[in-house]
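Participant: Each chain is listed here by its residues.
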Amino acid sequence: MLEKKFGAGPWFAVLLMVGACSALYEDQIKKFDWRAENVGKLQQSVVDLNHFQPRILLSTEEGVVASVNVKTGELVWRQVLEQKPRGAIKLLQVSGFSDESSDTAAAPIGSNLGFDMLTVQGHAPALVRGWNSNLGAIEWEWSTMPLNTERAQEALWFYSHSVLYHVVPTWRSHLEVTAYFASSGHSTGSSSKVIASWITAESCLLSGSYYVCVDGKQLISIDLASKSGQVIRTALESQPFGKLTALAGLNGVVIANGKLISVNKDQSVCNSLQSSSYAVGSFNYRKIVVYADLASNNLKINAMYLDNCSPVVELEQNVPFPEHFGTPQLNSFDCMHRKNGDGKGCLFLFSTSAESIVAVQQGRIRWSREESLANVIDSLFVDLPLADSEGTLESEMKGKAGDFTSFDRDIASAFLRRITTQAVQIRSLFLHVIGLGPPPTATQRAGLVRDSFGLHKMLVLLTQAGKIFGVDNISGKHHWQLYLPNVNGFDNAENMRLIVQRSAKHFPLQPLCTILAKDADNGYGVLYRFNPITGLASEGGLLHLDYKIKQLSLLKETEKDFVRGVLLLDASNEVHVYPPHATPLADGLYLYTADVKTAELSGYFVKYAGGKLSSTQIWNARLGGHNSEQQIIGVAAKNPIEHVHSQGRVLGDRSVLYKYINPNLVAFVTQAPDATHKSLLNLYLVDVVSGSVIFTMTHRKVRAPLSIVHSENWLAYSYFNEKVRRTEITTIELYEGKTQANSSVWSSLQAPPMPLVERQSYIIPTLVEVLRETITERGITNKHVLIGTASGSIVEMPWHLLDPRRPIASTTQGREEGAIPYIPELPLPTESHINYNQTVARLRNIYTAPSGLESTCLVVATGLDLFVTRVAPSKTFDLLKEDFDYILISIVLVALTSGSLIVKHLASRKLLKQAWK
Amino acid sequence: MSTKQSSKKFKWALDFNTSKNGDMTSPLGYNPAALVNQTDAAGRDQRLVIKKSWDLALGPLKNIPMNLFIMYMSGNSISIFPIMMVGMMLIRPIKAMFTTQVTSKMAEGAQGTGQRIVYFLGNLANVALALYKCHSMGLLPTHASDWLAFVEPQTRLEHYGGGVSFI
Numbered sequence: 001m002l003e004k005k006f007g008a009g010p011w012f013a014v015l016l017m018v019g020a021c022s023a024l025y026e027d028q029i030k031k032f033d034w035r036a037e038n039v040g041k042l043q044q045s046v047v048d049l050n051h052f053q054p055r056i057l058l059s060t061e062e063g064v065v066a067s068v069n070v071k072t073g074e075l076v077w078r079q080v081l082e083q084k085p086r087g088a089i090k091l092l093q094v095s096g097f098s099d100e101s102s103d104t105a106a107a108p109i110g111s112n113l114g115f116d117m118l119t120v121q122g123h124a125p126a127l128v129r130g131w132n133s134n135l136g137a138i139e140w141e142w143s144t145m146p147l148n149t150e151r152a153q154e155a156l157w158f159y160s161h162s163v164l165y166h167v168v169p170t171w172r173s174h175l176e177v178t179a180y181f182a183s184s185g186h187s188t189g190s191s192s193k194v195i196a197s198w199i200t201a202e203s204c205l206l207s208g209s210y211y212v213c214v215d216g217k218q219l220i221s222i223d224l225a226s227k228s229g230q231v232i233r234t235a236l237e238s239q240p241f242g243k244l245t246a247l248a249g250l251n252g253v254v255i256a257n258g259k260l261i262s263v264n265k266d267q268s269v270c271n272s273l274q275s276s277s278y279a280v281g282s283f284n285y286r287k288i289v290v291y292a293d294l295a296s297n298n299l300k301i302n303a304m305y306l307d308n309c310s311p312v313v314e315l316e317q318n319v320p321f322p323e324h325f326g327t328p329q330l331n332s333f334d335c336m337h338r339k340n341g342d343g344k345g346c347l348f349l350f351s352t353s354a355e356s357i358v359a360v361q362q363g364r365i366r367w368s369r370e371e372s373l374a375n376v377i378d379s380l381f382v383d384l385p386l387a388d389s390e391g392t393l394e395s396e397m398k399g400k401a402g403d404f405t406s407f408d409r410d411i412a413s414a415f416l417r418r419i420t421t422q423a424v425q426i427r428s429l430f431l432h433v434i435g436l437g438p439p440p441t442a443t444q445r446a447g448l449v450r451d452s453f454g455l456h457k458m459l460v461l462l463t464q465a466g467k468i469f470g471v472d473n474i475s476g477k478h479h480w481q482l483y484l485p486n487v488n489g490f491d492n493a494e495n496m497r498l499i500v501q502r503s504a505k506h507f508p509l510q511p512l513c514t515i516l517a518k519d520a521d522n523g524y525g526v527l528y529r530f531n532p533i534t535g536l537a538s539e540g541g542l543l544h545l546d547y548k549i550k551q552l553s554l555l556k557e558t559e560k561d562f563v564r565g566v567l568l569l570d571a572s573n574e575v576h577v578y579p580p581h582a583t584p585l586a587d588g589l590y591l592y593t594a595d596v597k598t599a600e601l602s603g604y605f606v607k608y609a610g611g612k613l614s615s616t617q618i619w620n621a622r623l624g625g626h627n628s629e630q631q632i633i634g635v636a637a638k639n640p641i642e643h644v645h646s647q648g649r650v651l652g653d654r655s656v657l658y659k660y661i662n663p664n665l666v667a668f669v670t671q672a673p674d675a676t677h678k679s680l681l682n683l684y685l686v687d688v689v690s691g692s693v694i695f696t697m698t699h700r701k702v703r704a705p706l707s708i709v710h711s712e713n714w715l716a717y718s719y720f721n722e723k724v725r726r727t728e729i730t731t732i733e734l735y736e737g738k739t740q741a742n743s744s745v746w747s748s749l750q751a752p753p754m755p756l757v758e759r760q761s762y763i764i765p766t767l768v769e770v771l772r773e774t775i776t777e778r779g780i781t782n783k784h785v786l787i788g789t790a791s792g793s794i795v796e797m798p799w800h801l802l803d804p805r806r807p808i809a810s811t812t813q814g815r816e817e818g819a820i821p822y823i824p825e826l827p828l829p830t831e832s833h834i835n836y837n838q839t840v841a842r843l844r845n846i847y848t849a850p851s852g853l854e855s856t857c858l859v860v861a862t863g864l865d866l867f868v869t870r871v872a873p874s875k876t877f878d879l880l881k882e883d884f885d886y887i888l889i890s891i892v893l894v895a896l897t898s899g900s901l902i903v904k905h906l907a908s909r910k911l912l913k914q915a916w917k
Numbered sequence: 001m002s003t004k005q006s007s008k009k010f011k012w013a014l015d016f017n018t019s020k021n022g023d024m025t026s027p028l029g030y031n032p033a034a035l036v037n038q039t040d041a042a043g044r045d046q047r048l049v050i051k052k053s054w055d056l057a058l059g060p061l062k063n064i065p066m067n068l069f070i071m072y073m074s075g076n077s078i079s080i081f082p083i084m085m086v087g088m089m090l091i092r093p094i095k096a097m098f099t100t101q102v103t104s105k106m107a108e109g110a111q112g113t114g115q116r117i118v119y120f121l122g123n124l125a126n127v128a129l130a131l132y133k134c135h136s137m138g139l140l141p142t143h144a145s146d147w148l149a150f151v152e153p154q155t156r157l158e159h160y161g162g163g164v165s166f167i
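So the protein lines, in turn, are chains A and B.
With full-length UniProt numbering, letter number 865 in the first sequence gets 865, and the count goes up by one each step, no holes.
With full-length UniProt numbering, letter number 13 in the second sequence gets 13, and the count goes up by one each step, no holes.
Keep in mind that the hints were calculated from the coordinates and are not lab data.
You may find that some hints are simply not true.
[Stated by the list, open to error] Quick list of in silico lysine to aspartate or glutamate cross-link-like pairs, EDC-like style, CA-CA up to 16 Å:
id, chain 1, residue 1, chain 2, residue 2
1, A, K556, B, E158
2, A, K701, A, D674
3, A, K607, A, D587
4, A, K227, A, E176
5, A, K738, B, D146
6, A, K287, A, D307
7, A, K31, A, D883
8, A, K875, A, E831
9, A, K607, B, E158
Just chain B, with the same shape it has in the complex (with noise of 0.2 Å):
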């Protein structure tokens, strides 16, 4: 490799060492002026980068009309596909949760806890809203009947014997 750069040395070598001083030269087609509306720009960036944030923010809340109407879509019945969307429903949304932090170090700014809070509170009523369909098609022990195997039976404090007369 560097017999081929040597070669190339004759056609697009650019000698610093001719000049005197020590600082570099500014690269090609660099403008010092250009520098000018530079703080500018930075606030236009970090507007965009709050907005973005914003935006990821509010995802799980944009989600829920979506899932209502999957959710009215998917029936009450206990089959494979309703199940497994319920599934995801749920579980998409704890996931995310869990990972707020990850998803929140993107989008460090001046309302990072603001949106984050606003995130966490998305993805709670999406999960709520999975739990209620699965309270609706039955899947939550809410009822007594759900406990009933737990029920322990009655101790008996009366004994008794005995039967027809042997006399």
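Same shape as in the complex, but just chain A (with noise of 0.2 Å):
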């Protein structure tokens, strides 16, 4: 990952004094926002290290072609192509490539005869595309409909002089191989069919121009592209464990075991060899084969000639590797040619597990990738931890929030102990100038301190690979980096939990973070405890639990440790706590489960009796319908810290119309195919303590994509409808009435009235991927609706345009109550893109959280790139324009206090005179 430093240090001054707009100012661009762009878990890479353009160009899981900047890791260009399944890149061939299989040269300019780069994606159709490496062009494009797309998706292409060959398998029968010329598609005219009734998905893979497949202890190969089509047998020393790989670069080697064999008579290679990665290239004019293998956090690279298996002394090496990389495999690698051929221009790139890109040369990483951010699946801010000075002062508060009357009574010793307190202030800065105070600690040193308006924060981002990241708001910087091997996130599509344990408010209490996952091996849960303000494992770090998780929450906090227990219900519905000592408040807990294929919804109730805990199913709820086909697509609760500040609304008479807030409802989406409607679309609000359906509404003709989000007492999601094939979001708003049934406690389990549904839909000029709420620290702030669209921008929209009550006659009652007249389409001006050109490729996921301000909201979106930044949906009430004059003030000020003193001066003296004449 590169670290983009946009505004430290001094420019951090200038930040707080930020007055935002509704859109940016040329000159704010890149101020408080920043872009960090990826591709993905690489998959296949070609180092080229020429002395007249050294490049790496490579092919990602994600589906983007990319070069990279030999020198840094920064991409050079980057091209991001369809989505998957019509997106995977199957294949990706540089010609020039030190590579037997390739003979042409690089394309004449202005002829299509040859190509620079080749990639070919999807299998109906299959793209192939002749790219122009430098700069990220694509120069020409033909496509190939196959027959049969189902068993297309098998297909696998490889290439050899100049033609390309698409070869189809049927598992236990056949292959057909079909051949085109590369650049210009035309088939040679050569389709085969090649019979062979052992090829099976699992045993069989393409290696070069050799089909291998296992069976029991000898490899069956057939080279597809010569013409007779011989099928080849080769004894294995022992039945091998795991998939077979292929070696790239070498015609017809595959790795079994960790070792090398070949089932090409034409090459030889070195049979001895274990290791756990390989990869061919040549150093010296010479054919080399380097396998290179983790031990103890120590990667050893080592090298062979392929002619003499003698060992290339020149390169091998051993590079201290760190733990958060994960194991790593050699990918490519190319050495420069020099006169001396000391083996130093050798870069070696290797993926690793924790889908970092890392390139090794001369024994040291030289630059590293962390592409594990392009799959982000959850996000925090956490508070940065308090100067030591403040944490002091902090306490004293803490003591007047928690216990009135006793601070009340102890006047005398507060007092005391706020002098004191300022006097070591004094003191700490005395000997902070003269430098003879403490050290300051890692943290500070770093620059993570808290400000005095809560904009920095510690963005904590898990990934999909298992690592998790801690990286700074304002600058982008990594800080520290963890990765849990042998985590995978949940069943059901249900990705792995970040949750705050203990916030940094408990200062000297450090903060506390917690990730839920499942073991890779066994399904059982598993719980990792860690600092996320360092990023070391507290607690005990891992936690290997017994049982599987079927769901979780969080408790309150515990009176002694500030701890927010986690509760886990696990797959026979016994409920556990961590940590232990948080028990007892798990009593009275209501818990839920949804199933999404059965549409089921389950409630329990969390009992705590004789020391121990004991759930009872309370309800039960099928969504399925009566045939139940009903799936659940969607389910949005209400973010846990929202607060809502105003408890109603003020209609056109100045009269209250009360919000509906229940906190304990929960929006539940399902979709089925349907006979005369092709497919509907439920919603259902339930309140899931009490298991009561609030409010279902049906649409008909309309399917996923959906997204919904949940806040207050409105809702808002958006669909596809096919009738008219447009995207629209439906608002939905609850209201009590014109009174409030019960002011002071809600209780979902006394009947509360059932409210009154606002409902309306609006057409909005997109495809939408996410829709989320702008959440502050009171809840006093409008709220606005980001809206992800597909197209990677991020659109600002407030509430009133989406507010169900808009009126569809213009009245006056409508007018004073502030609501603009109906419009179906929802306008997108290009001011309320909050990312402006910086677009977020495939953009997946916004998160937000509270700053310190309340008219702030931090902002970050997830996809293959990352986008972070602050909204301010009411604009910045609570802070000073950027752009204040404080000089002019200060003169103003100055020059009106001075004349008023000379003026009052000169007015007595005055008077003294008149009474004098």
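Take the two lone chains and join them into the complex the hints point to.
Facilitator: Written out as structure tokens, the structure is:
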């Protein structure tokens, strides 16, 4: 990952004086935001260290083709191709690469005979594209549509002597091989069918032009490029465990059990080698095979000449390899041709299990890219720790907040404490000035100290690969990274969870975060506790549970150590709490689980009695419909940290329409195919404590993609309308009425009144990927909805545009209420794109968090790219404008004060004179 | 100055020492007989004072029609001039009420208490009028919506957790 520094040091002071407006000014670009560009997990790469233009070309699992700077690892260019499966890259072929199968020279300008770089992607149709690898521009493209699209999913491609071969296997039957001229797409006319009854999906692979299958203790292979189609059998020493892998660069060489095996008679290999990863290249004009292994955090790189199997001493190196990269896999390498041939010009490119790309040169890590950030699945903003002096003040304030009476009684001692604190502060300041103060802690040195507005936070990012990052939300610097090997997300496409067990508010106790995941081996739950500021494990770190996690919930803070316990429901509906001393707090908690496939909801009640926790199922709801076809495609609960400041809405006649703010309300959306309406979408609002369905609504001829956001008393969701073929957003608001049934207490069990429902639908002229509401500390600031679009922009939509109470006819009442007359189309003005031209490729999710300022909300958008910014929905009403003229106002103040003093003096003198007349 | 006096002595000097008895001579032009109707004149003055003070006491009441007219003319829109007028209408009688003591000092008499009450009531009527105007302009917090900001959020009794099943 590249570190992007935009606003450090002196900029920070300026940053705080920000007066955000609805759009950015030109000079504010990249001032409060930064974007990190990623490419995704490395699939195939080509390192080319020629003298005139060294380059690294790579393709990734995310369907991205990119070129990377050899020296820094920065992107030279990047092309984000179509989404999977259409954009899945099957082959990356670079001409001029030291591979005997490629004999095409770089394309002459203006001709379409050769190519520079070629990619094959997708299966139906398969797209073949020729690229200009210097610019990243497509030069030509051709496609082929297979006859059988289903079988074509397994299709393989290889390139040999200007011809692209398309291999479609039919398992346990035959292979269909079609050859095309690579740059034109014309068939060579030699489409052949190779009968091979032994082929299965698990045991076969393509190595160069050889199709190799394992059959017990032997390899059966066919050279697909040759006309003869002769079957070659190669005996193995032992049956390979795991899958075979091909060795790129050598035709017909596979790796089985960490050993090289050649099925090609013309290709000899060094059979004695044993390693976890290999790569082939050339060194001093001789072909070599390089192999790398990780041993106790040390990466050993060795090489061997292929012709005589003697070791290449120049390339032997030991590289200290940090644990957070995971297990490395040598992807490719290249050596610069030097006169002395000392091997110092060799660059080795590794992809690791933590989805990093690591470049090693001269025995050290030259650069690394954190590509796991292309799949962020959860994010958190954590407050930074206080400076020590502020910490003591904080503890004083806490005593006040905790216990009013004792504070009042003890006013003298409180005063004394304040005086001593301030004396200590002055002393430490003095010591600091003369240079005798205590050395700053590691976090302070890194600049990780809370600012007065709480805008500077630690952004904790959890990625799909199990890597966790601590990122500075202002500079984008990676302060720490952690890797949890061998963990997975949960079933039902539920991701790992990142939760805060103790916030940074409890000085001097350190904050505590926890990751909940599934063990990759046995499917049991895994808990990992760590300090989000330092990235170090705390409370014992990794904890393997001996049961599967079904659901979880956070409990209230304990009084002893301010930890919020995690309650876990296991597969047999038993309840567990971590840490165990928080167990009593779980008493009286309600839990619900939703089964997405059957659309069945279950509610549980947790009881603590006699030192034991137990759960009882108290309700059950089936949303599956009469023929149980409905499946849950969306669940939306409110943000648990949300505060609702205004309890009602002022109407035109100045009466109040009270909001129906049910904290236990969860929205469920189900979808099912329908005979008459193609597809049905149902929305259910369920009180998950009592299990009562508060409201339901059905949309006909409507289907996913669905995005949903639920906050305060409203709900907004987007879907695709099949009838008119457009994306629409429906909004719902719930009101209690002109009176509140119970103004002090909300209880779902005491049958609260049914809400009045306002609803409206809007057309949005874009594809919605994600919806998210802004959130602020006290909820005073207006709520805006952030709409992430498929094109990668984030639009800030004020709620009053989505308001379901927008009147159809322009009535005075509606106008006095402040509602805009209803217009079905929602405007998407360019000023409201909060990421202006910083497009977030493959935008997947947006996370919001309150800052210390009421007006400002912190935003992070994740996808292939990462975009961090802040928004101020009601403008920065609690901040002075950035261009506030301090000098002018101080001059005016001083002038007026001194003027009035002078005038006063003059006036008294005049009065005295007049009296003497 | 004394030299001036002494120089003027000769012309206009009136020597009081010539009189033998201790009584002072009446000033020039003073006729003791003019004192006959003295009691009668005092009664008339008193009536005048009472009349004047009733005028004072009824003043606020007499203002009401004028205020009503101004109110009608200024309309219910909230802008600087109607606000200023309403402000004046409200502040003036309140100020006057606070200074009732001082005002009534000038007119102390038999009907003092009545006048004071009338004066006070008149001012009160003016205040009421101004408040009515404020109300019709929507400046008084008389609606539920005006107290909405102070409505506390409901405390929740139940807490929940959960979501889509992980199994």
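Participant: Hint by hint, say whether it matches the structure.
Facilitator: Evaluated hints:
Restraint check for A/K556 and B/E158: the C-alpha separation of about 12 Å stays at or below 16 Å, so the hint holds. Among the hinted pairs, A/K701 with A/D674 is consistent with the structure: their alpha-carbon atoms are about 9 Å apart, no more than 16 Å. Of the supplied pair hints, the one linking A/K607 and A/D587 holds, its CA atoms being roughly 5 Å apart against a limit of 16 Å. The suggested pairing of A/K227 with A/E176 holds, with an alpha-carbon distance near 14 Å, which does not exceed 16 Å.
Only pairs whose Cα atoms come within 16 Å are accepted, and A/K738 paired with B/D146 is accepted, the gap being roughly 14 Å. About 7 Å separates the Cα atoms of A/K287 and A/D307, which keeps this hinted pair within 16 Å; it holds. Using a Cα cut-off of 16 Å, the hinted pair A/K31 and A/D883 holds, with the two alpha carbons roughly 15 Å apart. This hinted pair checks out: A/K875 and A/E831 have alpha carbons roughly 14 Å apart, not beyond 16 Å.
The suggested pairing of A/K607 with B/E158 holds, with an alpha-carbon distance near 13 Å, which does not exceed 16 Å.
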